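Trainee: The sequence shown begins at 627 in my numbering and counts up by one.
If you're looking for bench data, these hints aren't it; they were derived computationally from the structure.
Because the structure is a prediction, the values reported are computed rather than measured.
Treat the hints with caution; some may be incorrect.
[Claimed, not checked] Taking CB as the label site, the calculated pair distances span:
id	residue 1	residue 2	range
1	D635	R676	15 to 25 Å
2	S637	Q680	12 to 22 Å
3	D635	S686	11 to 21 Å
4	D663	E641	13 to 23 Å
5	G687	N636	24 to 34 Å
6	D635	G687	31 to 41 Å
Note that CB positions come from ideal geometry on N, CA and C, so glycine has one too.
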Amino acid sequence: MKVSDEAADNSVRVEATRTLWRFGDARLLPDLERIADQNVDGSVRPAARRAAEQIRQRLSGK
Numbered sequence: 627m628k629v630s631d632e633a634a635d636n637s638v639r640v641e642a643t644r645t646l647w648r649f650g651d652a653r654l655l656p657d658l659e660r661i662a663d664q665n666v667d668g669s670v671r672p673a674a675r676r677a678a679e680q681i682r683q684r685l686s687g688k
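Go ahead and model the full structure; you've got the sequences and the hints to work with.
Mentor: Given below as structure tokens:
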């Protein structure tokens, strides 16, 4: 599963990022980190960072 940077609407990318977080699967971390590092939209990057951090916390049992 990947979130496309070509998606026309930033709100779609933010919601897709939140959906990835809900899955909570460690295999999604590389995609979330790529989005956080490379996406130019100001609302998408923080959402991806939060999602990745929350998945890491969930996996570590915190």
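Trainee: Between the beta carbons of D635 and G687, is the distance compatible with 31 to 41 Å?
Mentor: holds, 36 Å
Trainee: Using the Cβ atoms, figure out if G687 sits within 24 to 34 Å of N636.
Mentor: For N636 against G687, whose Cβ atoms are near 33 Å apart, the range 24 to 34 Å holds.
Trainee: Take a look at whether the Cβ-Cβ distance between D663 and E641 falls inside 13 to 23 Å.
Mentor: holds, 20 Å
Trainee: Taking 11 to 21 Å as the hint, is the beta-carbon distance of D635 and S686 inside that range?
Mentor: Hint violated: Cβ distance 33 Å, outside 11 to 21 Å.
Trainee: Confirm or reject the claim that S637 and Q680 have a C-beta distance inside 12 to 22 Å.
Mentor: Holds - the Cβ-Cβ distance for S637 and Q680, about 20 Å, lies within 12 to 22 Å.
Trainee: Does the hinted range 15 to 25 Å hold for D635 and R676 at CB?
Mentor: holds, 20 Å
Checked against the numbered hints listed earlier, the structure breaks hint 3 alone; every other hint is satisfied.
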